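Visitor: If you want the building blocks of each chain, they are given just below.
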Amino acid sequence: METLEQVLSPEAQFQARIDADIRIEPKDWMPDAYRKTLIRQISQHAHSELVGMLPEGNWITRAPSLKRKSILLAKVQDEAGHGLYLYSAAETLGTTRDQMLADLHSGKAKYSSIFNYPTLSWADMGCVGWLVDGAAILNQVPLCRTSYGPYARAMVRVCKEESFHQRQGFEIMQTLCEGAPVQKEMAQEALNRWWWPTLMMFGPKDSESPNTEQSMNWRIKRFTNDELRQKFVDMMVPQAEFLGLTVPDPTVQWNEARQGYDFGEVDWEEFWSVVKGNGLCNHDRLQARVQAHEEGAWVREAAMAHAKKRAEREGVGA
Amino acid sequence: MNQQEWPLWEVFIRSKQGLDHKHVGSLHAADAAMAVQNARDVYTRRLEGVSIWVVESKHIHASNPDEAAEFFDPAADKVYRHPTFYDVPDSIKHM
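Respectively, the protein sequence lines represent chains A and B. Quick note, in the working numbering, the first sequence goes up one by one and the last residue is 318. Quick note, in the working numbering, the second sequence goes up one by one and the last residue is 413.
Calculated from the structure, these hints are not laboratory results. Any given hint could turn out to be false.
What the hints assert, rightly or not - Calculated lysine-lysine pairs in the DSS-like style (CA-CA distance at most 27 Å, straight line):
1. A/Lys-27 - B/Lys-376
2. A/Lys-27 - B/Lys-334
3. A/Lys-67 - A/Lys-184
4. A/Lys-36 - A/Lys-205
5. A/Lys-36 - B/Lys-376
6. A/Lys-308 - B/Lys-376
7. A/Lys-110 - A/Lys-309
8. A/Lys-69 - A/Lys-160
9. B/Lys-411 - A/Lys-160
10. B/Lys-376 - A/Lys-309
11. A/Lys-160 - B/Lys-340
The structure displayed is predicted, hence computed values, not measured ones.
Bound conformation, chain A alone:
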């Protein structure tokens, strides 16, 4: 008697497991394109966490109180942790940390464009937590059920930690909005600058996102870019209203028939321009990353030399 395995090609067996919601694990057979897509997506995600430390790190020394400083420090440390969870998930697919970092530093690998916008005022720390992490959560929660096991497990960990990030951002916004008029103005001004770039975080329109269909079939992605963007707007408009702020889009209006908000078109020219490297901070972000990596090289080498010497002295290893 022939078993299923003998009848089906490896590709078909693989797809059958995906369709049955059986997770794929590192040593399992997988199509090359699946592996490549995941390495690209997970490493991009890891790079975003790493570069994402920079716009907030910018404000650690200038946080308005010791409490805010401690919170921001913990949040930035979490971002580093998230990057590390994700890099190690990507490494299970056969790439190396050195390779991924080299691709980031050479500009070959991308990271989320949102981090190429500057953080000009303290209210930006509010917006980054409330809006940017809010958008990240919407992207990340479905990834906890993504088809690749190590990625899904890393995302469970990330999501657990992310909700504090969003809440501390909202609290910053709320405090500003309940403060002096000039503080509320600062909050509104930050919302004006961050609203559209945040909507861009969900990626190009479905009609212009050729990889979406394959990623949905492989159950790497569970929702399309436009579905998530709509969810985000539906979530955020009432929260902005609660704060007494106005989202900078005059076309935002509740659509009773659709049970969702109508909203305006993202400036896709700006989106692609920032992706291609022409955002306000692309150059600075990459330079800061490369500099940190290069200046840390002697530490990495010294630690290795020390470990080797001690292993030799103690007669372990070898």
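Here the structure of chain A is known, so what remains is to put chain B in place on it, guided by the hints.
Guide: Chain B alone, transformed into the frame defined by chain A:
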């Protein structure tokens, strides 16, 4: 650029006394002491653990997923290993 990256370590955490150590992920470190310290910073920022094991990834040997079906097959036809295989009369208590 330094191409020699630190070795990879697998991290296992005991979340509280009485439970076993569970695999949580991996990280890079120059030696075991650094791996334990990095594991604390990466995987227990919210009191997720009371004990950490690290082992260099190259020392882990695993079963082959391509042979999983044959490998685990011997256990598949031994339902009598489970208590539910046996009919116990209703009037029998404490079994």
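Visitor: For every hint, state whether the structure bears it out.
Guide: Evaluated hints:
At roughly 14 Å between alpha-carbon atoms, A/Lys-27 and B/Lys-376 fall within 27 Å of each other, so this suggested pair holds. Of the supplied pair hints, the one linking A/Lys-27 and B/Lys-334 is violated, its CA atoms being roughly 30 Å apart against a limit of 27 Å. The straight-line distance between the Cα atoms of A/Lys-67 and A/Lys-184 is roughly 21 Å, inside the 27 Å bound, and the hint therefore holds. A C-alpha spacing of about 23 Å is found between A/Lys-36 and A/Lys-205, which places the hinted pair at or below 27 Å, so the restraint holds.
The suggested pairing of A/Lys-36 with B/Lys-376 holds, with an alpha-carbon distance near 23 Å, which does not exceed 27 Å. Only pairs whose Cα atoms come within 27 Å are accepted, and A/Lys-308 paired with B/Lys-376 is accepted, the gap being roughly 17 Å. This hinted pair does not check out: A/Lys-110 and A/Lys-309 have alpha carbons roughly 38 Å apart, beyond 27 Å. About 21 Å separates the Cα atoms of A/Lys-69 and A/Lys-160, which keeps this hinted pair within 27 Å; it holds.
This hinted pair does not check out: B/Lys-411 and A/Lys-160 have alpha carbons roughly 45 Å apart, beyond 27 Å. Restraint check for B/Lys-376 and A/Lys-309: the C-alpha separation of about 20 Å stays at or below 27 Å, so the hint holds. The straight-line distance between the Cα atoms of A/Lys-160 and B/Lys-340 is roughly 18 Å, inside the 27 Å bound, and the hint therefore holds.
Against the hints set out earlier in the document, violations occur for numbers 2, 7, 9.
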